[in-house]
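Using the hints, position chain B with the ligands against chain A.
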Amino acid sequence: MTTAHPRARILIGKPGLDGHDRGAKYIVHILRDAGYEVVYTGIRRSPEQIVEAAIQEDVAAIGLSLLSGAHNELFRQVIDLLKARGAEDILVFGGGIIPASDIPGLHEMGMAAVFTPGSSAKEIIATVDRLLSVRQEV
Amino acid sequence: MNEDIVHLVCDVRQNPAENTRAAARLMSLLENHPARITELYAGLADWPEPLMVLGITGPPGAGKSTLVDQLIELYRKRHPLRRLGVIAVDPSSHASKGSVMGDRVRMMRHATDPHVFVRSLAARGHLGGLALGVRGVLRVMGLMQCELILIETVGVGQSEMEVAEFADMVAIVLAPGQGDGIQLLKSGLMETGDVFVVNKADRDGANQLQSQLLTTLNLRASVADAGAPPPVCMTSALGGDGMDGFLDLLEDHCARSADQWLTQRKQRFEQEVEQAVLQEAHRRLADMLRTSGIGSEGITRVLRGETTVNELATVLLQLGARGKPPYNEGHVDERRP
Ligand SMILES: Nc1nc2c(ncn2[C@@H]2O[C@H](COP(=O)(O)OP(=O)(O)OP(=O)(O)O)[C@@H](O)[C@H]2O)c(=O)[nH]1
Ligand SMILES: [Mg+2]
Chain A
1 MTTAHPRARI
11 LIGKPGLDGH
21 DRGAKYIVHI
31 LRDAGYEVVY
41 TGIRRSPEQI
51 VEAAIQEDVA
61 AIGLSLLSGA
71 HNELFRQVID
81 LLKARGAEDI
91 LVFGGGIIPA
101 SDIPGLHEMG
111 MAAVFTPGSS
121 AKEIIATVDR
131 LLSVRQEV
Chain B
1 MNEDIVHLVC
11 DVRQNPAENT
21 RAAARLMSLL
31 ENHPARITEL
41 YAGLADWPEP
51 LMVLGITGPP
61 GAGKSTLVDQ
71 LIELYRKRHP
81 LRRLGVIAVD
91 PSSHASKGSV
101 MGDRVRMMRH
111 ATDPHVFVRS
121 LAARGHLGGL
131 ALGVRGVLRV
141 MGLMQCELIL
151 IETVGVGQSE
161 MEVAEFADMV
171 AIVLAPGQGD
181 GIQLLKSGLM
191 ETGDVFVVNK
201 ADRDGANQLQ
211 SQLLTTLNLR
221 ASVADAGAPP
231 PVCMTSALGG
241 DGMDGFLDLL
251 EDHCARSADQ
261 WLTQRKQRFE
271 QEVEQAVLQE
281 AHRRLADMLR
291 TSGIGSEGIT
301 RVLRGETTVN
311 ELATVLLQLG
321 ARGKPPYNEG
331 HVDERRP
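Chains as they are written, first to last, in the working numbering: chain A, 1 to 138; chain B, 1 to 337.
With the rest of the complex left out, here is chain A (with noise of 0.2 Å):
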């Protein structure tokens, strides 16, 4: 298949310590509406939760919201958990107050995409369409 699966699996985790999860939400519902069925795994969750819950969801990719600042951080937690569970291809995007300077680098990291509070409904929608209809569902 190479158009973006109809029904294609997003795991949205909130990481670290702020309780903030309007964001999340608010991604979560724009997902839906865009016909994606999507997993939300509440606030405050470990690096490790939420990979494990992604794998066990078998989850084409994993949103992370995030708005305390340790993002480069976290962020890192995640993907490098993936890898050793040999679970890379779920790609990893995110988004939060995230400073301009540090997308490059997060880019490297291996995040496939990151929003910001300018980031449209479109534009993520448009972005996270892209990145699935490369990967191909079973």
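Hints are computed from structural coordinates only; laboratory data are not their basis. Any given hint could be a false lead.
[Claimed, not checked] Label pairs and their in silico Cβ distance ranges: (1) A/Gly-105 with B/Lys-77: 40 to 46 Å; (2) A/Ser-119 with B/Asp-244: 45 to 51 Å; (3) A/Ala-121 with B/Ala-228: 53 to 59 Å; (4) B/Gln-279 with A/Asp-89: 44 to 50 Å; (5) A/Ala-100 with B/Arg-36: 44 to 50 Å; (6) A/Tyr-26 with B/Arg-284: 46 to 52 Å; (7) A/Pro-117 with B/Ala-228: 57 to 63 Å; (8) B/His-79 with A/Gly-105: 22 to 28 Å; (9) B/His-94 with A/Asp-89: 58 to 64 Å; (10) A/Lys-122 with B/His-7: 40 to 46 Å; (11) A/Ser-119 with B/His-79: 34 to 40 Å; (12) B/His-7 with A/Ala-100: 54 to 60 Å.
We treat Cβ as the ideally placed atom computed from N, Cα and C, and that holds for glycine.
Below, chain B with the ligands alone, put in the same frame as chain A:
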């Protein structure tokens, strides 16, 4: 990773703890191609069987996921070596076909427990609301040697009836302050329950709901002459009160009914295979009808009165019996990077 069902099954069976990824892939494969479940039938007779498959249903927000979380916690404490599976079903949006699956939020403390496997499923517009994928996930969890499997579904329509077809027993979870209690007690929900839970016992109205429920269940039992009414538990899943009593009750039930459940599951497997065979036969015959000319010509002749439906069916079956090559299922590519 090898996407071949037989290989995945081998991996999962040999070492469920090391092969969670293979188990998860197998579940997706069966969810996306439900017909491929027939590939599992060979050898299914000696697959490991869970001790209990429990359906948990009830109105939205009654506390089902919280209750599941506490059950996991308690069951793991009581049986540290046993594996446990949870299937959490959520509705799909009619408009977008997408879905928000949020039950897992309440169970995340078990995410890294290697003895617990949680899988969320979207109903995908399947008639009745229960996901088509449940059957496959259930099989794979059996293969992983899960001893207890919990299936959470929202009981608003038909799904609670359907969950009874997969589960050995069904628990109905109710909570005070959930709209019109009486209306609920009259609904189809009441007929599916093997055990009832009044959750949020810490809230006002819990005792009242319990007594209404008992009255309804007693009345029904006496009218239907169906023996003792189903038991009612009071829980406060949020704090954990009443959980021990609830699990005691489930385990008692399990000890008493294990043999009967095994027989019942075997009958269901047999029915399932029968259905699959009939479906396959129907598909092949339909194909032959379309391609052999019997169809268009024959149908015209029936309408002219030159032959009958019965005769035509006989011709078709004879043609089928002469053995056309097996119908090619035409699987789409199962490739994956
Ligand atoms: N006071 C009180 N609140 C509870 C109890 N159990 C659950 N809740 C709360 O009820 C709300 C819904 O709980 P869930 O466990 O998500 O309910 P659910 O039935 O799984 O909900 P859906 O899956 O959305 O249908 C949450 O805010 C829980 O914290 C309880 O025993 N007492
Ligand atoms: Mg729930």
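Worksheet item: So the hint says 54 to 60 Å: do the beta-carbon atoms of B/His-7 and A/Ala-100 match that?
Response: With Cβ atoms ~46 Å apart, the hint is violated.
Discussion item. Given a hint of 58 to 64 Å, does the C-beta separation of B/His-94 and A/Asp-89 actually sit inside it?
Written reply: Check failed, 31 Å falls outside 58 to 64 Å.
Worksheet item: Is 40 to 46 Å right for how far apart the beta carbons of A/Lys-122 and B/His-7 are?
Response: 41 Å, holds
Worksheet item: For the pair A/Ala-100 and B/Arg-36, does the Cβ-Cβ distance stay inside 44 to 50 Å?
Response: 47 Å, holds
Item to complete: With respect to the beta-carbon atoms only, verify the hint that B/Gln-279 and A/Asp-89 lie 44 to 50 Å apart.
Response: 34 Å, violated
Discussion item. If I claimed the Cβ atoms of A/Ala-121 and B/Ala-228 lie 53 to 59 Å apart, would that claim hold in this structure?
Written reply: 55 Å, holds
Worksheet item: Between A/Gly-105 and B/Lys-77, does the C-beta distance stay in 40 to 46 Å?
Response: 44 Å, holds
Worksheet entry | Cβ separation of A/Ser-119 and B/His-79, checked against the hinted range 34 to 40 Å | The hinted range 34 to 40 Å is violated for A/Ser-119 and B/His-79, with Cβ atoms some 47 Å apart.
Worksheet item: Can the suggested window of 46 to 52 Å be confirmed for the beta-carbon pair A/Tyr-26 and B/Arg-284?
Response: With a Cβ separation near 50 Å, A/Tyr-26 and B/Arg-284 satisfy 46 to 52 Å, so the hint holds.
Fill in: Beta-carbon spacing of A/Pro-117 to B/Ala-228 - inside the hinted bounds 57 to 63 Å or not
60 Å, holds
Worksheet item: At the C-beta level, are A/Ser-119 and B/Asp-244 separated by a distance inside 45 to 51 Å?
Response: 48 Å, holds
Worksheet item: Is 22 to 28 Å right for how far apart the beta carbons of B/His-79 and A/Gly-105 are?
Response: 46 Å, violated
The structure fails hints 4, 8, 9, 11, 12 (numbered hints given earlier, in ascending order).
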